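Undergrad: Residue 89 is where the sequence shown starts when you use the numbering used here, and the numbers rise one by one after that.
The hints are simulated quantities; they were obtained by calculation from the structure and are not laboratory data. Among the clues, some could well be false.
[Said to hold, decoys possible] Simulated restraints, written as ranges between beta carbons of each label pair:
#1 Ala148 - Ile323: 39 to 49 Å
#2 Thr151 - Ala229: 33 to 43 Å
#3 Lys178 - Ala260: 44 to 54 Å
[Stated by the list, open to error] Derived DSSO-like pairs: lysine-lysine, alpha-carbon spacing no greater than 27 Å straight-line:
#4 Lys317 - Lys219
#5 Lys207 - Lys219
#6 Lys219 - Lys162
Since the model is a prediction, treat every value here as computed from it, not as a measurement. Ideal Cβ positions, reconstructed from N, Cα and C, are used throughout, including at glycine.
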Amino acid sequence: MTLKVAINGFGRIGRNFMRCWLSRGANTGIEVVGINGSGDTNTNAHLLKYDSMLGPLRNAEVTTTEDTIVINGKTIKTFYDRNPANLPWKEWGVDLVIESTGVFNDDVGASKHFEAGAKKVILTAPGKGAKVGTFVVGVNADQYRHEEWDILSNASCTTNCMAPIVKTIDQAFGIVKGTMTTTHSYTGDQRILDAAHRDLRRARAAAVNIVPTSTGAAKAVALVYPEVKGKLSGIALRVPTP
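Could you build the full structure based on these sequences and the hints that come with them?
TA: Rendered as structure tokens:
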């Protein structure tokens, strides 16, 4: 049985998911049937095909119509609506939504996809709420139960780096107290040139500054490994990268 997947949010992470799926060939057991994202279809297709960091999308012919992206003859429907409850998931037969807008990361927001007809939601960022199950491979992924969790989060990139190491150290030696520093590439939330921002540090030009800021990774580790709850703290350094 093929799992029908839709992507909500076709930015950096949504496009990377699409590239990942395409790179695995035809026998993945999943089929991307639809995309909901900002921007017109031609722009989304162009950004998928040409990536400044990953290079051009290889071995793929990409064309568009007004409301579809066609990749190697496979038609993927496109849509634009900022309210997930209005999306045509039921009509498209969607089983699973990749929620990659960065906006609907709590159980209330993610549940709007269920109103639209989806069965499961995977958040591409840390999630909030009692109905969100957070799992990291190598730490607590074995605790996932299909019938129990309909909204899933894989935590964050930093949490995925940190949690397996923390678990290993704690089980071998025990952790009384810990602090961490993550050196992280600057993100789209920062300013490329000095400009107004609610966080004055992030108002500085990201490509020429090392910006100290906060991170929720230390607390997020405790979501997947409760043995260190209240024991960890941390900071982040946002740095220029090519």
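Undergrad: Each hint should be assessed against the structure and marked as holding or not.
TA: Tested hints:
1. Ala148 - Ile323: 39 to 49 Å: 40 Å Cβ-Cβ, so the 39 to 49 Å window holds.
2. Thr151 - Ala229: 33 to 43 Å: Holds: the Cβ-Cβ distance is about 38 Å, inside 33 to 43 Å.
3. Lys178 - Ala260: 44 to 54 Å: The hinted range 44 to 54 Å holds for Lys178 and Ala260, with Cβ atoms some 49 Å apart.
4. Lys317 - Lys219: holds, 20 Å
5. Lys207 - Lys219: holds, 14 Å
6. Lys219 - Lys162: violated, 34 Å
This entry does not satisfy hint 6, going by the numbered hints stated previously; all others are met.
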